[in-house]
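Asker: Just so you know, the sequences run in chain order H and Z. Numbering-wise, the first sequence is residues 11 to 257 according to this note's numbering. Numbering-wise, the second sequence is residues 440 to 840 according to this note's numbering.
Take these hints with a grain of salt, some might be off.
[To be verified] The following residues of chain Z were derived to be distant from chain H, with all beta-carbon distances above 12 Å:
1. A677
2. A723
3. A778
4. T786
[Unchecked claim] For lysine to aspartate or glutamate, the following DMTMM-like pairs were computed, each having C-alpha atoms within a straight-line distance of at most 25 Å:
5. Z/K635 to Z/E797
6. H/K83 to H/E16
7. Z/K635 to Z/E619
8. Z/K468 to H/D114
9. H/K83 to H/D35
10. Z/K635 to Z/E502
11. H/K83 to Z/E447
12. Z/K468 to H/E108
13. H/K83 to Z/E835
No wet-lab data here; the hints were simulated from the structure. Here a beta-carbon is modelled for each residue, glycine too, at the ideal position from N, C-alpha and C.
Spelled out, the chains give:
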Amino acid sequence: MTPVLEVDRVSKVYATEPPVTALQDVSFSVDAGELVGIVGPSGSGKSTLLHLMGTLDRPSAGRVLITGVDVEKLSDRELAALRATRIGFVFQQFFLAEHQRVLDNVADGLLYSGVAQTERRSRALDALRLVGLDGRTNARPNQLSGGQRQRVAIARALVGDPAIILADEPTGNLDHATGQAILELLQRLHDRGVTIIVISHDRDVAARMGRRIEMLDGRVVFDSGAESALVPPRDHDSPARRTDGRA
Amino acid sequence: MTSTTGLEVRRLRSADLARLATVGLRTRKLRASLSALGIAIGVAAIVAVLGLSSSASAALLNEIAALGTNLLVVQSGQTLAGQPAELPDAAPAMIQRIDAVTRVQETGSVSGNVYRNRLIPSIQSNALSIEATSVGLLATVGTSVARGSFLNAATAQEPAVVLGAAAAQRLGIDRVYSGERIWLGTTWFYVAGILKPALLAPSIDASVLVGFPAAETYLGFDGHPSTIYVRARTDQVAAVDGILGRTTNPETPGEVDVSQPSAALVAQADAQGAFDGLFLGLGAVVLLVGAVGVANIMIISVLERRSEIGLRRALGATRNHIRAQFLAEAVLLATIGGAVGVGMGVTATAIYASALHELVVIPLIASAGGIGAAILIGAIAGLWPAVSAARLSPTEALWTV
Numbered sequence: 011m012t013p014v015l016e017v018d019r020v021s022k023v024y025a026t027e028p029p030v031t032a033l034q035d036v037s038f039s040v041d042a043g044e045l046v047g048i049v050g051p052s053g054s055g056k057s058t059l060l061h062l063m064g065t066l067d068r069p070s071a072g073r074v075l076i077t078g079v080d081v082e083k084l085s086d087r088e089l090a091a092l093r094a095t096r097i098g099f100v101f102q103q104f105f106l107a108e109h110q111r112v113l114d115n116v117a118d119g120l121l122y123s124g125v126a127q128t129e130r131r132s133r134a135l136d137a138l139r140l141v142g143l144d145g146r147t148n149a150r151p152n153q154l155s156g157g158q159r160q161r162v163a164i165a166r167a168l169v170g171d172p173a174i175i176l177a178d179e180p181t182g183n184l185d186h187a188t189g190q191a192i193l194e195l196l197q198r199l200h201d202r203g204v205t206i207i208v209i210s211h212d213r214d215v216a217a218r219m220g221r222r223i224e225m226l227d228g229r230v231v232f233d234s235g236a237e238s239a240l241v242p243p244r245d246h247d248s249p250a251r252r253t254d255g256r257a
Numbered sequence: 440m441t442s443t444t445g446l447e448v449r450r451l452r453s454a455d456l457a458r459l460a461t462v463g464l465r466t467r468k469l470r471a472s473l474s475a476l477g478i479a480i481g482v483a484a485i486v487a488v489l490g491l492s493s494s495a496s497a498a499l500l501n502e503i504a505a506l507g508t509n510l511l512v513v514q515s516g517q518t519l520a521g522q523p524a525e526l527p528d529a530a531p532a533m534i535q536r537i538d539a540v541t542r543v544q545e546t547g548s549v550s551g552n553v554y555r556n557r558l559i560p561s562i563q564s565n566a567l568s569i570e571a572t573s574v575g576l577l578a579t580v581g582t583s584v585a586r587g588s589f590l591n592a593a594t595a596q597e598p599a600v601v602l603g604a605a606a607a608q609r610l611g612i613d614r615v616y617s618g619e620r621i622w623l624g625t626t627w628f629y630v631a632g633i634l635k636p637a638l639l640a641p642s643i644d645a646s647v648l649v650g651f652p653a654a655e656t657y658l659g660f661d662g663h664p665s666t667i668y669v670r671a672r673t674d675q676v677a678a679v680d681g682i683l684g685r686t687t688n689p690e691t692p693g694e695v696d697v698s699q700p701s702a703a704l705v706a707q708a709d710a711q712g713a714f715d716g717l718f719l720g721l722g723a724v725v726l727l728v729g730a731v732g733v734a735n736i737m738i739i740s741v742l743e744r745r746s747e748i749g750l751r752r753a754l755g756a757t758r759n760h761i762r763a764q765f766l767a768e769a770v771l772l773a774t775i776g777g778a779v780g781v782g783m784g785v786t787a788t789a790i791y792a793s794a795l796h797e798l799v800v801i802p803l804i805a806s807a808g809g810i811g812a813a814i815l816i817g818a819i820a821g822l823w824p825a826v827s828a829a830r831l832s833p834t835e836a837l838w839t840v
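Isolated chain Z, as found in the complex (with noise of 0.2 Å):
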């Protein structure tokens, strides 16, 4: 500000600032520590909210992460009269032309029950499939055997069997040993051995995996593939899912299913993730009853000193100076607030997803919006009271104790 009569208002240092912001918080530690509180369990209980919902979906995403979204699976759909479709034989052969792609593998559907032994009731099927597939499967899915050894080219060819996880465990059957054998509704299956989870494909899990050759020789399959399994390059993945269905069965591609388990795991894992609104919410009540102490705990300390605002003003400092002081004191005892908050929101995420063995995930934004919104809140908070100090005049607030 210019003026004629040299009369320069000066602007407060903000060191200044900051010292006269620790004024009341200084000379009444009990009252501002636990109005602070308030503040800090509405923070923690967001920050706990969210870091506990992302913990929890960060172990199944690095997972996924690991088996790679490069996965595509073909499957065969529906013909336009709503019948079974079959895809070609030709359909792997077809796919591994297209550049992008890495590997191929399929698997065929078998009819067929499975049973641990021959005297199992013929109802009691234990909802388990026969799979054809081929030779190179695991490395395609991203899986790996538990027990025992996968199929290969000598072994495809005999009435041996692989069993997925889920299969495993309906049979009773947790190790192999030489000899182990089950009932394929006509004909006994030596097991080889036995698979580990398959999270990108699930169907596996509740199946028996038999060769291609096997399959035809003994279970009367007709060799037709029913699902196709295809890695990708994973710049490339979203242009081989444009053609693997014309790519597939060139002459009806509307017969044939594409996707991408990945993709869906993903969505998945984020619903899992997806933070319990009613805590997010019992969270912002409680961060709005914060404001509402912190509001209050500045008006009566407004109030109590009006002998020092006087004096503030005797002193030369102006509305401004003033109404910046107690803003300030009000910002930082949010802030304050909000810092513990954080503080108590984390160590209870750690506490508790150490405790589940999952990864502690705080995200960046419930650490950093706790104490955006603390100081949001604070500046909302102390607005009022802090216009209020300002709009007292010297006079009052001297001569009025």
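For reference, chain H alone in the conformation it holds in the complex (with noise of 0.2 Å):
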């Protein structure tokens, strides 16, 4: 079976001055249903990987293949539609319409795949059923906690039922229980077959994953689903650290 994410020796490289090397020689794979948890703190590479799985942005070398199609040899407008269609996001800030009421919020995940309004908005319901919203449809976001917010953050990334869903600190902007619950809630998911990567500085979060890959200075260093399990350890000839703060 094809995976539905491959990394294969990835390294992305900001041509800053001096130059950046954010990731160097990133290899790993993601099957079908996996929950896996990406972690690793500030600087070391999480949210360029997050960019390059989610297509935002292309490697400097090394090949990302989502659903086994290569990425560098897609066009922007074909990575637009791939976005639309296979990849969903859910962000730690949740980025939600605030004039919108909370259904079409969802729906508007489907905005650009060619889905007529009606449809958009069935499968937007189903999508809040999933995530047990779906008596909040006609509540605006502003009128939600934050873990409920969350929760219409990740029906929008299931609404087009796609091959893969990327959190980034999904739990990042919330209180502990709440983030403990959108936690269960991704664990849930899983359950039912959705493949979920979860990026995160949070160890406590990457523990309650599947499968956990830990990553350092630009590298990967431990893939618990990996056949050896462990990455053999490696000089630290490191690269350069991002200098710009961000993870």
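Combine the two chains into a complex, taking the hints into account.
Answerer: Printed below as a string of structure tokens:
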């Protein structure tokens, strides 16, 4: 079976002065139905990896394949279509449209995939049911708690039935209890067969994932899903740390 | 787009694009309405200038249309030597023989001055002239009597006079009563009637009219017509105009002047209606300032909505989708401004024109052009912000707040 995501010897160098190597020779693959936590401290290259996995950016070297499709070979327009149909994003800041009710926020997840509005809304209702918010379809985002807002964002990522969901620090803006509830929700979705990759700096979050990939200084230092489980230790000729303070 | 990967970019449905275009307007209402107001004021100024000038000329044009545009006036010109020429006595009868001519009436200039009574010093002639006239003149030139009656076959023989509108005013006569008379230098003439203004034959206004036989009997008139008023069939006016000179005076057609008074009046009405270039220019400047306002608002909007742009890219929007959204928003903003502006301009025209009792006329070009200009301005003003929004890389848009 083709993995839904393959990261193959990927490097990313930002052409700043001096150049910053954010990722170096990163390889792993994710099969359908996996729940993966990518964890690492600030500056370890997690966010860069997220950009590359989400096809929001292209690698400097190596290949990223989504459902077997090589991102390198796609035009900008095709990448957009790939994101519209095969990738769902969940962000730390939720990014909900305050002027729209919950149902339409979720329906907008299908806006760019050519689905008519009535169909978008009916699928949005299904997605809201999955996250347990089908009772709040007409609420505005500002009438919801943080946890509920993140559920709406998760429903928006789910609505297109993507091959993979990328969640960037999904509990980062939530208190501990609410964060736990969101993780339970992700676990439940995983049980239903949804492929989810959670990126976090929080080891506790990663510990709850079925598979854990640890990053440090732009490299994968541990992958519980790899055959040998432990990536062999390496010299500390590590790439320059990114200086912009971003992870 | 076809592709081996089966990844097909979907066009945004127009209903979705329309909804997206309203996002910025709905979320920032005050700012949107203020920037639309700039466009509205510019469009209103232009619509009002065009509307007011059209309304001013419309009344006059209507009157001309009612009077008919088929009146031709034949006048004696000058001889080659520069002397005043005379029209042949037989000219009216000759013109009458032209097929397309429906009516012919003539007047002849009679020398002499007009006074209210014998005691007025002869120098105070009020610049009035005496014209001998045929009795069917009124219907041909398109006027009628305001008071009393016009000359008829009987009164045309007698010392009776009908006053042109301006002549009556200058003589201080505003009604006709029996025994009312004026002094024509040598003889008393009794006032039979007063005319309404003759728009198509203004020379009649400042004249007093007497019958041909009376002019010959009492004022020493030689009987030569000097002006012939001709009504032709409307579809034949140009043809008749072309042969009038030769028909009137076959020997020396160059001594005859033929004119079409309605043409001159239409030109005058147009001149009256010519919109004021200054105000129109002012409107254009306001519109330009409005356009800069829209561009400014859109640029700020793009800056503020980076995360929305990033999110949309993550949801699968292409650069084209983003560009279309922001361009549509700018066009919508300007179009709303344009529509409000047309409304304001029409209202201003209606109020002003009805205050002057003029017809309210809004030329289609003003309202359609106003909206059209607004759409164009929106597109131009929105182009750069839309392009820069589309250029934003998704990672930059999402992670730089």
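Asker: Which numbered hints turn out to be false for this structure?
Answerer: Checked against the structure, no hint fails, so every one of them is satisfied.
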